[in-house]
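Those sequence lines, one after another, are chains P and U.
Final position of the first sequence in the UniProt record's numbering is 315; the numbers increase by one with none missing.
Final position of the second sequence in the UniProt record's numbering is 256; the numbers increase by one with none missing.
Among the hints, erroneous ones may be present.
Subject to a maximum C-alpha distance of 30 Å in a straight line, what follows is the list of computed BS3-like cross-link-like pairs (lysine-lysine) [as the list claims (entries may be wrong)]:
(1) P:K221 <-> U:K157
(2) U:K16 <-> U:K56
(3) U:K190 <-> U:K59
(4) U:K56 <-> P:K221
(5) U:K190 <-> U:K69
(6) U:K16 <-> P:K221
(7) U:K30 <-> U:K180
(8) U:K213 <-> U:K20
(9) U:K69 <-> U:K30
(10) U:K69 <-> P:K221
(11) U:K59 <-> P:K221
Hints were generated in silico from the structure; no laboratory data involved.
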Amino acid sequence: MYPRLTLLCLPVVLLALVVSGVLLGSLDLQTALEAGPGILTDLRLSRVLVAVLAGAGLGLAGAMIQGVVRNPLASPDVIGVTTGAGAAATALLLVFPDIAFSWMIPSAISGALLTMALMLWLIRHQGLNPARLVLTGVALSAWLAAITDWLLVSHPFQVNAALVWLTGSLWGRGWDHVAVLLPWFLILVPLTLVMALKLDLLALGDETAEGLGADVRNTRKWALLLSVALAAVSVAVCGAVSFVGLISPHLARLLVGGTHRRLLPATAMIGAVLVLLADILARTLAPPVELPAGVLTSLIGAPYFLFLLTRYRGW
Amino acid sequence: MAYLSIENLTVSYGEKVILKELNLQITEGKITALIGPNGCGKSTLLKTVARILTPKQGKVLLQGEDLHKQDTRRVARQLALLPQAPVTPDGVTIRDLVGYGRAPWGSRWGRLSDDDRQIVQQSLEQVGLEELAELPATDLSGGQRQRAWIAMILAQKTDLVLLDEPTTWLDIAHQIELLKLMRELNQEGKTIVVVLHDLNQACRYCDELVVLKQGALQRQGSPEQVLTQQLVQSVFELDAQIHPDPVAGTPTLVAV
Chain P
1 MYPRLTLLCL PVVLLALVVS GVLLGSLDLQ TALEAGPGIL TDLRLSRVLV
51 AVLAGAGLGL AGAMIQGVVR NPLASPDVIG VTTGAGAAAT ALLLVFPDIA
101 FSWMIPSAIS GALLTMALML WLIRHQGLNP ARLVLTGVAL SAWLAAITDW
151 LLVSHPFQVN AALVWLTGSL WGRGWDHVAV LLPWFLILVP LTLVMALKLD
201 LLALGDETAE GLGADVRNTR KWALLLSVAL AAVSVAVCGA VSFVGLISPH
251 LARLLVGGTH RRLLPATAMI GAVLVLLADI LARTLAPPVE LPAGVLTSLI
301 GAPYFLFLLT RYRGW
Chain U
1 MAYLSIENLT VSYGEKVILK ELNLQITEGK ITALIGPNGC GKSTLLKTVA
51 RILTPKQGKV LLQGEDLHKQ DTRRVARQLA LLPQAPVTPD GVTIRDLVGY
101 GRAPWGSRWG RLSDDDRQIV QQSLEQVGLE ELAELPATDL SGGQRQRAWI
151 AMILAQKTDL VLLDEPTTWL DIAHQIELLK LMRELNQEGK TIVVVLHDLN
201 QACRYCDELV VLKQGALQRQ GSPEQVLTQQ LVQSVFELDA QIHPDPVAGT
251 PTLVAV
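Start from the sequences, fold in the hints, and give me the full structure.
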């Protein structure tokens with residue numbers, strides 16, 4: 001394991017993907033350039049940046065939740081937070097079809113926070129036991145998905161946009177979305193990185209962490225809040241691109257180890273790489289048809305989750 | 001002024017009172033063993049001193065200052081705790097683990113300075129783990145793992161060290177090794193409070209015994225003063241004889 005070297009290589013991989021993301025598309029490069037620079041900068045570059053931000057957000061959210069509950073099976077989607085964000089945002093999208101996009105983010109965050117609160121209330125007597133967390137999450141997700149379906153069926157005229165958004169797609173994402181996302185990320189990501197050492201200490205158990213000077217209750221509260229907010233912001237802009245929050249921290253841990261000072265930046269970059277890769281494939285596999293990126297991440301992510309379940313020994 | 005002073009301390013889990021109006025003084029520079037039957041409140045006392053638990057009433061004073069009114073990080077520079085079951089995280093080397101001992105001193109971001117790294121190296125050498133330092137902590141055996149945790153506490157550079165049943169999961173050879181290591185730390189000037197189950201080990205390796213029963217102080221004093229037939233009978237409800245240890249001369253309990 002060469003954690004430092006890996007940490008230096010990741011940005012290179014990410015940059016290479018950003019460049020390919022701009023150059024590749026349903027139109028070949030020459031035609032795209034002849035049509036004017038608009039296609040590359042206005043359409044592709046902005047969309048690539050949205051993918052990078054959302055992927056980083058989902059990855060970080062997953063790493064934070066896994067750190068807080070000391071459970072490698074946790075992630076914003078597994079515990080239902082993304083479904084909650086999705087349900088709230090869908091409701092907004094369907095009830096006020098003409099609302100400005102910037103409203104999606106607060107609505108997704110409140111949906112996610114409500115879900116988290118509900119989850120914590122449901123497991124209040126058992127603590128953050130892994131199996132209970134996952135099972136409660138499954139039930140909660142199913143319930144929230146049912147609410148979302150019900151909303152969709154009762155608003156047939158606005159269904160299309162909502163459906164594409166719900167599966168997790170970067171279709172039609174542009175500079176407006178970057179502008180809305182960026183301020184949130186500039187606040188949330190540094191706050192996340194500042195928690196690195198406290199998350200390290202939390203991994204040693206509550207008593208050891210407290211003994212080493214980490215305020216366990218506050219650390220846990222803030223890390224959960226940041227994680228939920230990051231997941232919600234990402235989901236608000238590109239829908240529920242599933243399993244990125246679960247897989248990215250795992251890959252990062254394999255590459256750079258479990259120290260959060262390295263793990264968090266690595267997870268953010270891997271999350272960005274995954275979503276970007278999924279989007280590039282989604283655009284180029286079968287043009288002009290465009291697959292939602294979320295379909296691709298689920299196709300790969302769900303089997304990986306099953307694999308983790310078979311190996312997990314901590315029940 | 002006593003070094004560590006427990007004043008009128010009452011601690012409860014919900015309705016259940018574990019410690020009741022306990023008064024106790026711990027002497028600086030000594031090893032004090034907390035002993036007593038299961039559920040007598042010895043671990044609870046240790047956890048309250050370490051601020052894991054908040055007292056319902058009363059105070060814990062370290063050199064005259066109330067521990068429960070101080071910032072967590074500041075307390076972590078004065079006392080270190082080895083809990084009964086610390087969690088060994090995945091993907092962290094032994095050196096990383098020992099480095100966490102510097103958390104209360106170093107940067108809040110967790111980067112270690114050259115001084116910090118040197119302290120980590122010394123701590124690893126003192127417990128004899130310097131050769132294994134780059135291995136994942138999860139690869140260690142029980143005895144090695146306990147030594148790694150001790151190294152972490154050494155790196156924390158506190159004057160007071162609290163050990164909660166440090167020998168529980170170890171075989172007899174590793175138990176003795178750990179108790180000897182504890183004595184070494186004490187000779188370097190650390191005050192140690194340790195919860196032990198084995199009375200003979202407590203008598204042999206500790207300077208003072210504190211006996212608790214149902215959350216109240218029964219006896220405090222040197223092993224010779226404390227470990228008597230009557231005390232074992234009244235606290236543990238066990239018929240026993242006390243003989244001097246053939247090697248060290250300290251009191252040894254033999255069940256009848």
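For each hint, the structure was consulted:
1. P:K221 <-> U:K157: Holds. P:K221 to U:K157 sits at ~29 Å (cutoff 30 Å).
2. U:K16 <-> U:K56: Given pair U:K16, U:K56 holds - Cα atoms ~11 Å apart, limit 30 Å.
3. U:K190 <-> U:K59: Between U:K190 and U:K59 the Cα gap is close to 22 Å, so the pair holds against 30 Å.
4. U:K56 <-> P:K221: Holds, because 24 Å separates the two Cα atoms, which is no more than 30 Å.
5. U:K190 <-> U:K69: 23 Å, holds
6. U:K16 <-> P:K221: Answer holds: U:K16 to P:K221 is near 27 Å, not above 30 Å.
7. U:K30 <-> U:K180: With Cα atoms ~14 Å apart, U:K30 and U:K180 stay inside 30 Å; holds.
8. U:K213 <-> U:K20: Roughly 11 Å between the alpha carbons, so the hint for U:K213 and U:K20 holds.
9. U:K69 <-> U:K30: Since the Cα atoms of U:K69 and U:K30 sit roughly 25 Å apart, the hinted pair holds (cutoff 30 Å).
10. U:K69 <-> P:K221: OK: U:K69 and P:K221 at ~21 Å, within 30 Å.
11. U:K59 <-> P:K221: 27 Å, holds
In this structure, none of the earlier numbered hints is contradicted; all agree with it.
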